[in-house]
Amino acid sequence: MDNIDDDWENFLQNDDISIEDEEKYSSVLKNNIIDSQMNNESNIPKCSDIYISTQTKISYLNKNNINIKDIFWKIPILNYSIPKDGVIKKQIKYSSTSLEEVTYIEEQLKNINCYEEQIIEHIDNPEGRIKYKDQRKISIGVCKKDLLSYRSKKKRAFFNCFVLIIRLFHNNEFKEMHVKVFNTGKLEIPGIQSEVILIKLLDSLVNILRPFLGSDTNYINEKTETVLINSNFNCGYFIDRDKLHDILKYKYRINSNFDACSYPGIQCKFYYDRIIEGEQDGQQPKHKDYYEVSFMIFRTGSVLVVGRCCEKALNYIYNFLKNILENEFINIMSSLEDNSTIKKSRKKKIRKRIISFD
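Per our numbering, the very first residue in the sequence shown carries number 1; after that it's consecutive.
Hints are computed from structural coordinates only; laboratory data are not their basis.
All values derive from a computational prediction rather than experimental measurement.
Don't be surprised by glycine CBs; every beta carbon is placed ideally from N, CA and C.
Careful: at least some of the hints might be erroneous.
[Claimed, not checked] Pairwise CB distance ranges, derived in the manner of DEER restraints:
# : residue 1 : residue 2 : range
1 : 289       : 103       : 48 to 56 Å
2 : 65        : 115       : 22 to 30 Å
3 : 115       : 334       : 52 to 60 Å
4 : 323       : 150       : 39 to 47 Å
5 : 193       : 222       : 20 to 28 Å
6 : 236       : 111       : 52 to 60 Å
7 : 128       : 65        : 27 to 35 Å
8 : 172       : 222       : 28 to 36 Å
9 : 73        : 172       : 28 to 36 Å
Generate coordinates for the entire structure from the input sequences, incorporating the hints supplied.
Set out below in structure tokens:
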């Protein structure tokens, strides 16, 4: 520390210092600070705990060959202004090959006040190869995104299923959950944050469908599985991405790619062997019984971990990355604070929207 103080005093007393000398002093000062931190391992930033933001789950009903076009119209929609659990919105995609099918849809919509009809494709050419074809997405009801989002581009819908947006009261607040119900009985549920809310949602869905599918309708708990996990954590310091990329690729032999012009983070893949119980290196095994998990490491120290895997594999990958980021700290750290960006106070614009309910 005496050397740092002496250098700083000399810097202050020298009025004729050049730009080159100033940069030299700045570089030496920074290196001395880093070296002093390295001498004490307790100064190495610790990674935050991994946070699972969302999971996509699939499950199955004990019914198959569901007539989705018939059941869709029978499911009642709850008025959005009523603070209760229930279905607040439903969607389906129709593909019609005759005018009679389109007429049936229009007849069903006559008695519905709140709906949106998006015509995706319409062909009516008696002389052509395709004489009649109509594709449209029907949305009935209102959800939170309709009220708050300003997205202008409409999302497309899936065939052979309908979508229900179910409102649930959980942890003293209402949540809106998205469920796809396929004609095979398969259920796809994105945005799950805990097993508690998953079970609550499946129970609510079964109660909604029982009047139309039979009182013995239930979901198969043994077939419920995770198909996608989104998670993240932070290492606590700013990273030199080029150096880290070389270390991951050549020292740890991790499948990695980095091109700052196309993507701001280091894109990597970790192959978790489901057969091996001990330590793993993340390299692709010869057999196919493995999880392929992607992780992206950014300059700010943020790490995203995304893939189809179990929580055991996710925690192993997290600990693997945490050890690398802590052990290689001296080689890959660019700074402990972000000096490249200056926070500006921005005034948020208040957007207004008038919504009326009959």
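Against the structure, the hints:
| no. | hint | result |
| --- | --- | --- |
| 1 | 289 to 103: 48 to 56 Å | 52 Å, holds |
| 2 | 65 to 115: 22 to 30 Å | 27 Å, holds |
| 3 | 115 to 334: 52 to 60 Å | 54 Å, holds |
| 4 | 323 to 150: 39 to 47 Å | 43 Å, holds |
| 5 | 193 to 222: 20 to 28 Å | 22 Å, holds |
| 6 | 236 to 111: 52 to 60 Å | 59 Å, holds |
| 7 | 128 to 65: 27 to 35 Å | 34 Å, holds |
| 8 | 172 to 222: 28 to 36 Å | 32 Å, holds |
| 9 | 73 to 172: 28 to 36 Å | 34 Å, holds |
Of the numbered hints listed earlier, not one is contradicted by the structure.
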